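**Student:** What follows is the residue order along each chain.
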Amino acid sequence: MKKHNQREKRKSRQRELLLQGNEAVAEGALRAGCRFFAGYPITPATEISEVLSVRLPQVDGTFIQMEDEIASLGAIIGASLAGVKSMTATSGPGFSLMQENLGLAIIAEIPCVIVNVMRGGPSTGLPTFPAQGDVMQARWGTHGDHPIIVLSASTVRECYDMTIRAFNLSEKFRTPVILLIDEVVGHMREKMILDADEKIEIFNRIKPTMPPEWYIPYEDTPSGVPAMANFGEGYRYHVTGLTHDVRGFPTSRPDEIGPFISRLHRKISSHFAEIQIGEFFQTEDAEITIVAYGCVARSAKRAVIEAREKGLKVGLLKLSTLWPFMRSAVEKILQTSKVLLVPEMNMGQISREVKRVNRGTARVVTLNKVDGTIITPMEILDRIAEVS
Amino acid sequence: MPEITKLIHKYLRHDKKFPHVWCPGCGIGIMLGALIRAIDRIGYEKDEIVLVSGIGCSGRLPVYVDFNTLHTTHGRALTFATGIKLAKPNLKVIVIMGDGDAVAIGGNHFIHAARRNIDITTIILNNSIYGMTGGQNSPTTPYGMRSTTTTYSNIEQAFNISELAVTAGAAFVGRGTVYHARLLDSLMEKAFLKKGFSVVEVIAHCHTQYGRQNRLGTAVEMMEQQRDQAITVEKAAKMKPEELTGKIVIGVLVDKELPVYQDEYEKIQERAKAGMGQ
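Line order of the protein sequences matches chains A and B. Per my numbering, residue 1 is the first one in the first sequence, and the count goes up by one each step. Per my numbering, residue 1 is the first one in the second sequence, and the count goes up by one each step.
Hints in this document: simulated from the structure, not taken from any laboratory. Just so we're clear, the structure is a prediction, and the values are computed from it rather than from any experiment. Hints should not be assumed to be uniformly reliable.
In silico lysine-lysine, DSS-like type, Cα no more than 30 Å apart, as pairs [to be verified]: (1) A:K199 x B:K273; (2) B:K17 x B:K46; (3) A:K301 x A:K191; (4) B:K190 x B:K267; (5) A:K207 x B:K16; (6) A:K310 x A:K369; (7) A:K355 x A:K338; (8) A:K191 x A:K207; (9) B:K10 x A:K207; (10) A:K313 x A:K355; (11) B:K235 x B:K247; (12) B:K195 x B:K267; (13) B:K10 x B:K46; (14) A:K369 x A:K313; (15) A:K191 x B:K273; (16) B:K190 x B:K256; (17) B:K235 x A:K207; (18) B:K190 x A:K207.
Could you put together the complete structure from these sequences and hints?
**Tutor:** Dropping the structure here:
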């Protein structure tokens, strides 16, 4: 009987694994089709590099350790332009170095995935302790007016799923996608079932089908996303970090600059419904709703369960997409809630956005912790008691 | 139209992007001509060439030629080129940089690309100045010379780019000047055919900025100075170091066989796949 079960298990190609968040990121990347990784060692993200240095060559992929994080992002943008799905992973100090080339990936519309396992900052800060201090940097870190997609994860399984989602969104919208996790989620081990037969949607970039002489690399389309030709496939064109016309050539004509920058924003802003995902947990009748993400969302969920046991009408909006900010989801919870509680491991970054969306109909209160320790369910419950 | 001009036109995006941004008399055009002639002689297809550049006057070069072209951030061209080459090893990846790109902001990338011996050809246009931004001091501005940020005098010592490349482990290093156009042709051809990290340093004049501020004369006069200062590698080998002060040593400085990154990584892939099967 036992033998039979084992055979069944093997047949469905299902594996039960005890995985770290960082390891799940690596597995998710492989499943999404990532075949190129360039990185630089940094705590607490290093495990992603270590796992992929072993796994990528097994699947004809390439791992390279670069001389710094600037080079890491440059290399993955280059690999992606040559047609290979690519990723890098880092933490705060490395993420700061990446801001320069992040802007190039945005303006040249080259898909890639950047994982930032957040640690305490500023500067070298707290390499081995968790924080959520890079939320605004992920939004505005690179110079110039630009759109960006930023995702977060609060469980090991979500690290896997969100990495795949990051690749799909980056390929679909020709944009870099940032996955923000925190040290706790990156290093925490949980059981995860990996099923090789599980149906997971994988999106690959739309390539041009017209003859090369008809190809207009930065042409406007109904979705705002032009088809992307990979280098070496017969479509010779110019890619630049300068503001460019539809053919990719540098331009300083206002009638070309305006529509180009507008399209960059429109391709993201006209697809909010597809990009933004979150979880409403017991929010239907909630008078106090917690808005949380990352490891704090786990404590918040526990706090909701315990508060409900005490008879308090508390709910949770868990944000899986951090940017573009989930305005409509917050507006939805504002219909019932009198208080919105935003616990964060920073001095108030997402809470600013929540306050911006709230038009005076509710009270937005914060719970900020920046001492390198996580926010516990008890601390959230105490704050609920204070504000209710 | 002379045959040589026809040949160059075959590779230009002449109906799209001209006139170019460079000053009349600039040496970049001579370098571009040498690059095109070398590519044509070897017989590469346009589709298999990827030209990557950084920022500055040299950074504008790829836009004018009909290859796969990428204009990146300042000093980072080699990092992008590394990704392209590893993702698609069958592409011929050529990087164009200026002296600021190569040994100031991108110095770290330059020495590491050389150390890795990744199969990329890097062509560095060294004109001893930041030209596009208006003539500021660069890491190759000689001691005692003037720029808009060293108006009294440059008190720093200059980098020797080719020697830096040799020391960092490049498989092929050659140096020429834009005066010696035929030498540039052959250096580029050798560099393109070399398996491994190859560097061609092209000494050029910036009469608009460096020449004007240091009263070195017109473009032609500055090219004559290149001719007068140039010493071949063979001659230089017989001279004492102090005799070489102020001279430009031209020719092939190093050409050696080293394990190439991609070949080594292919072996890693084979080992990884064999290990997985056990």
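**Student:** Taking the hints in turn, state whether each one holds.
**Tutor:** Each hint tested on the structure:
no.	hint	in the structure
1	A:K199 x B:K273	holds (26 Å)
2	B:K17 x B:K46	holds (17 Å)
3	A:K301 x A:K191	holds (19 Å)
4	B:K190 x B:K267	holds (26 Å)
5	A:K207 x B:K16	holds (24 Å)
6	A:K310 x A:K369	holds (25 Å)
7	A:K355 x A:K338	holds (13 Å)
8	A:K191 x A:K207	violated (38 Å)
9	B:K10 x A:K207	holds (27 Å)
10	A:K313 x A:K355	holds (21 Å)
11	B:K235 x B:K247	holds (11 Å)
12	B:K195 x B:K267	holds (17 Å)
13	B:K10 x B:K46	holds (10 Å)
14	A:K369 x A:K313	holds (24 Å)
15	A:K191 x B:K273	holds (27 Å)
16	B:K190 x B:K256	holds (12 Å)
17	B:K235 x A:K207	violated (55 Å)
18	B:K190 x A:K207	violated (36 Å)
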